[in-house]
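Listed below, chain by chain, are the residues.
2 protein chains.
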Amino acid sequence: MRRVDKEYVREITSRAEDYSQWYVDVATKAQLMDYAPIKGCMVFRPYGYGIWERIQGALDPRFKATGHQNAYFPLFIPESFLQREAEHFEGFVPEVAWVTRGGGEDLAERLAIRPTSEAMICHMYSRWIQSWRDLPMLLNQWCNVVRWEKATRPFLRTTEFLWQEGHTCHASEEEAEEEALRMLGVYADCLQEDLALAVIPGLKTEAEKFAGALRTYTVEALMSDGKALQAGTSHNLGQFFARVFDILYLDRDGQQKHVWQTSWGVSTRLIGALIMVHGDDRGLVLPPRVAPLQAVIVPIAPQRQREEILAAARELRDTLSGSYRVQLDDREEHSPGWKFNEWEMRGVPVRIELGPRDLAAGRVILVRRDNGEREEASNRGLPGRLGEVLDAVQDSLYRRAWAFTEKSTRVVRDMAAFQATLEQDRGLIVAGWCGDAGCEARIKGDTAATIRCLPLDGVVTPVSSALGEAKGLPCVHCGGRSGRPVVFARSY
Amino acid sequence: MRRVDKEYVREITSRAEDYSQWYVDVATKAQLMDYAPIKGCMVFRPYGYGIWERIQGALDPRFKATGHQNAYFPLFIPESFLQREAEHFEGFVPEVAWVTRGGGEDLAERLAIRPTSEAMICHMYSRWIQSWRDLPMLLNQWCNVVRWEKATRPFLRTTEFLWQEGHTCHASEEEAEEEALRMLGVYADCLQEDLALAVIPGLKTEAEKFAGALRTYTVEALMSDGKALQAGTSHNLGQFFARVFDILYLDRDGQQKHVWQTSWGVSTRLIGALIMVHGDDRGLVLPPRVAPLQAVIVPIAPQRQREEILAAARELRDTLSGSYRVQLDDREEHSPGWKFNEWEMRGVPVRIELGPRDLAAGRVILVRRDNGEREEASNRGLPGRLGEVLDAVQDSLYRRAWAFTEKSTRVVRDMAAFQATLEQDRGLIVAGWCGDAGCEARIKGDTAATIRCLPLDGVVTPVSSALGEAKGLPCVHCGGRSGRPVVFARSY
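Quick note, the sequences are listed as chains A and B, same order.
Using this note's numbering, the first residue of the first sequence is number 20, and each one after it goes up by one.
Using this note's numbering, the first residue of the second sequence is number 20, and each one after it goes up by one.
Everything labelled a hint here was simulated from the structure, so no lab data went into it.
Ideal Cβ placement from N, Cα and C applies to all residues, glycine included.
Among the hints, a few may not be true.
Only pairs whose alpha carbons sit at most 30 Å apart, straight line, appear in this in silico BS3-like list of lysine-lysine [what the hints assert, rightly or not]:
#1 A:Lys276 <-> B:Lys246
#2 A:Lys426 <-> A:Lys490
#3 A:Lys48 <-> B:Lys276
#4 A:Lys83 <-> B:Lys48
#5 A:Lys83 <-> B:Lys83
#6 A:Lys48 <-> B:Lys83
#7 B:Lys490 <-> B:Lys426
#8 A:Lys426 <-> A:Lys228
#9 A:Lys490 <-> A:Lys246
#10 B:Lys83 <-> B:Lys276
#11 B:Lys228 <-> B:Lys490
#12 B:Lys83 <-> B:Lys48
#13 B:Lys169 <-> B:Lys246
#14 A:Lys48 <-> A:Lys83
#15 A:Lys83 <-> A:Lys58
Derived DEER-like restraints, expressed as beta-carbon distance ranges [claimed, not checked]:
#16 A:Ser510 <-> B:Glu225: 44 to 52 Å
#17 A:Arg350 <-> B:Arg333: 54 to 62 Å
#18 B:Arg271 <-> A:Asp300: 31 to 39 Å
#19 A:Gly381 <-> B:Arg271: 34 to 42 Å
Covered stretches of chain B, as calculated for chain A (at least 3 residues, CB under 8 Å) [to be verified]:
#20 120-130
#21 138-149
#22 301-310
Build out the structure end to end from the sequences listed, making use of the hints.
See the structure below:
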């Protein structure tokens with residue numbers, strides 16, 4: 020019954036052979052996660068949770084810098100609350116887990132485990148907001164949520180997952196719209212800067228928007244198998260929840276008015292995006308800014324010089340660990356070559372080799388995970404040089420993600436080309452769409468591709484040149500007049 | 020139905036009049052929390068959650084510095100898992116919330132919402148640990164847990180609460196014991212340094228220990244109403260869970276052996292301790308290190324100088340906010356006096372007043388929340404001086420907590436004195452105890468006081484001199500030979 024992970028370190032299915040299996044191999048063998056003994060649930064192992072901690076560390080200060088505060092709302096939502104917002108709630112009903120017993124008794128009212136917290140937070144907002152002086156109210160919550168999913172996949176779709184959900188109230192529609200777009204910008208910025216993802220910010224169609232929202236904005240990213248992933252969303256909720264939950268404020272003019280709201284979230288599925296965007300057939304590749312380990316030191320020591328080299332390696336670790344997340348792999352039971360493979364598989368951005376000749380020459384060898392490049396670095400200049408190499412890896416991963424997305428984007432003019440492109444090239448399709456929900460639904464029915472987004476104007480992304488090329492094209496489905504070109508793809 | 024908090028800012032019940040109501044007044048009116056529309060659940064408002072973020076910020080680096088990593092395990096625990104560890108589980112059964120439906124169907128097996136995670140984590144450990152090389156395994160988790168409590172009180176006892184739970188595996192009993200004591204020391208250190216609590220670390224009796232543990236250690240703190248609070252616990256779990264969950268490792272000698280384990284945790288009840296240890300009749304008093312706001316700037320501006328003073332106040336805020344958590348209260352609808360009261364009630368450690376004469380003299384007035392002391396500080400030396408004042412507040416709160424605990428500790432020699440002390444003086448009682456569970460149970464039955472702990476030898480605490488005085492006293496209940504003096508109290 021016991022798995023002996025170590026013997027299987029190198030046995031990762033290639034992406035070409037079976038992409039799904041490759042994904043699961045990387046997630047489990049890099050020790051990002053393990054399966055829990057509950058259907059659809061997973062354990063975040065320290066190496067996977069460490070990535071989430073880095074993502075939190077990248078996002079949370081950005082939330083605070085834009086005026087938000089963190090709070091924490093209950094895990095449970097009474098059923099009657101959810102029923103008040105039927106339009107929103109219906110979408111979640113099939114996915115809800117229900118608590119029916121507590122304290123040894125059947126509960127008078129069932130409690131939903133939050134699939135999202137609009138209902139609870141809006142209820143509290145109706146108590147806390149009285150006047151225009153209380154606005155805007157800008158809260159965020161880091162928490163777990165539960166959605167009972169039929170088909171699950173590590174990080175991407177699990178029964179329980181971790182996320183943040185921002186919930187804000189404003190005095191006007193314009194302010195809510197500004198906020199929704201501001202937070203979409205925060206996501207785009209963080210995903211590009213820290214996760215090295217090349218994202219496409221845009222608007223969801225009516226069919227794809229969040230239930231109850233006026234407008235849903237999204238950041239979409241292309242995975243290396245050619246499918247898109249919705250990496251984060253930001254909703255302008257209008258006054259839907261404010262009306263359902265009576266969130267009223269006394270305005271300057273003496274009138275009681277409903278607030279305007281937003282909500283926005285990203286989740287641990289971002290870890291899935293990191294795997295699928297940057298990983299290769301040898302395993303995980305992590306961007307240095309979110310890597311729990313930025314560099315690993317592997318001593319290469321013949322027996323007679325073992326102590327001497329280990330001592331130097333320890334000194335090196337101590338020097339570097341003030342500025343970087345560094346580990347010394349001093350395990351005796353494994354050869355250096357075995358360690359190289361393991362740390363490559365686990366995606367550590369830089370390997371630092373230290374052997375007898377290096378020691379004599381007062382240098383180390385730096386090896387980049389992303390492209391395998393090796394270089395000598397003198398001990399004296401090392402802390403600085405390592406920083407430069409890490410920056411180069413970060414930058415290079417972002418450029419590569421951008422280039423891949425750009426070259427995987429095709430402009431198509433009719434459904435035959437649409438179908439052929441999906442089968443042969445996969446990736447993103449930029450095409451005209453008349454704006455009709457019927458065309459959208461039929462394309463989805465015929466091809467399993469959905470409109471990922473209507474890209475925002477004025478934002479340069481990997482699909483910008485395709486959008487320019489597609490300008491004015493008729494609807495790819497009905498041939499009718501196109502409002503604007505949109506991005507289609509199959510997705511996770 | 021709407022509460023208008025603002026009109027009630029100053030209406031805090033005095034501690035002498037009704038301590039429980041004072042506590043609830045402070046918790047709600049300082050906007051630390053609000054009641055949720057679910058029995059026993061509360062909302063952590065930003066100001067309360069901000070304290071928790073500071074506590075996390077104080078503890079998490081200490082956990083990491085002692086070699087621990089964070090991970091995340093599922094919210095749900097299958098019923099069959101809990102039944103495997105019946106001895107441990109029985110204590111939790113009455114408090115468990117059960118999920119019986121998910122995804123529109125009744126579940127084949129009910130799922131408990133974790134009241135604590137030993138069962139789940141030990142199951143995973145049995146998969147992850149194979150060899151002595153995998154030890155020690157040192158994990159921690161920050162999460163929510165649920166215990167269906169009959170009587171609840173904000174922060175101290177709520178159906179859902181937030182905590183961290185450390186879970187470790189070791190190769191020997193000695194290492195596990197060392198770890199349990201190390202983490203108790205980490206708690207004691209953090210609670211003293213950052214929360215300014217004067218804690219008494221000690222051993223729980225068999226009757227009071229964690230179900231399934233070999234030994235439970237605790238840090239106890241005395242609240243201002245004379246009741247003790249268990250502020251954190253660290254358990255040497257021995258091999259109980261290792262046997263139940265088959266956590267075996269192959270030792271150097273080729274033998275399969277069960278690991279030795281610990282678990283340890285502190286929760287959001289620490290926020291309750293902060294309220295009850297430092298608060299006074301005017302409201303909350305927060306130690307600067309965990310205060311979400313360390314200083315508030317209140318401009319005192321006659322109408323004609325309003326803009327001038329506000330500009331200076333903004334400059335001051337910008338100067339200070341690089342080093343401190345500072346807020347400028349520039350609300351127009353409230354007078355300076357009203358603001359003074361509100362920020363005192365909310366426990367901000369230092370108020371900074373800036374009026375016309377201060378502006379002219381190039382200075383501000385600093386007012387300490389803990390003792391009301393005012394001083395002038397020149398703008399030039401301000402950032403440094405504010406730091407000194409904050410340090411002085413932190414230090415003074417700790418000394419005060421220590422002195423209060425010391426003077427509230429009585430040595431008693433017989434049950435008559437025991438009873439009289441509990442009624443008149445409350446506080447901690449140091450007395451001899453023969454070690455018999457019968458004596459312990461009868462004292463609890465007669466007085467509602469329990470043995471809070473057997474204080475650790477060699478640790479100087481506010482009860483040290485009482486312990487010295489009580490050395491060699493016979494058992495306070497039966498008059499039999501005492502093992503060592505112990506600490507009794509009524510408790511939360």
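Count residues of the stretch 138-149 of chain B with a Cβ under 8 Å from any Cβ of chain A, then say if the count reaches three. holds (count 6)
Lysine 83 of chain A and lysine 48 of chain B were given as a pair; does the straight-line alpha-carbon distance stay at or below 30 Å? holds (24 Å)
Below or equal to 30 Å on CA atoms is what counts here, so check lysine 276 of chain A against lysine 246 of chain B. violated (47 Å)
Taking only the CA atoms, is the gap from lysine 83 of chain A to lysine 58 of chain A under or equal to 30 Å? Violated. Lysine 83 of chain A to lysine 58 of chain A sits at ~36 Å, over the 30 Å cutoff.
Can the restraint linking lysine 228 of chain B and lysine 490 of chain B be considered satisfied, given a maximum Cα separation of 30 Å? holds (24 Å)
How does the Cβ-Cβ distance of serine 510 of chain A and glutamate 225 of chain B compare with 44 to 52 Å: does it lie in that range? violated (58 Å)
Taking 34 to 42 Å as the stated bounds, is the beta-carbon spacing between glycine 381 of chain A and arginine 271 of chain B within them? holds (37 Å)
Within a Cα-Cα threshold of 30 Å, do lysine 48 of chain A and lysine 83 of chain B meet the stated pairing? holds (24 Å)
Within a Cα-Cα threshold of 30 Å, do lysine 83 of chain B and lysine 276 of chain B meet the stated pairing? Distance ~27 Å between lysine 83 of chain B and lysine 276 of chain B Cα, so the pair holds.
Quickly compare the C-alpha distance for lysine 426 of chain A and lysine 490 of chain A to 30 Å and report which way the hint goes. Holds, because 18 Å separates the two Cα atoms, which is no more than 30 Å.
Are the Cα positions of lysine 490 of chain B and lysine 426 of chain B separated by 30 Å at most? holds (18 Å)
Does the Cβ distance between arginine 350 of chain A and arginine 333 of chain B fall inside 54 to 62 Å? holds (56 Å)
Checked against the numbered hints given earlier, the structure breaks hints 1, 12, 14, 15, 16, 22 and satisfies all the rest.
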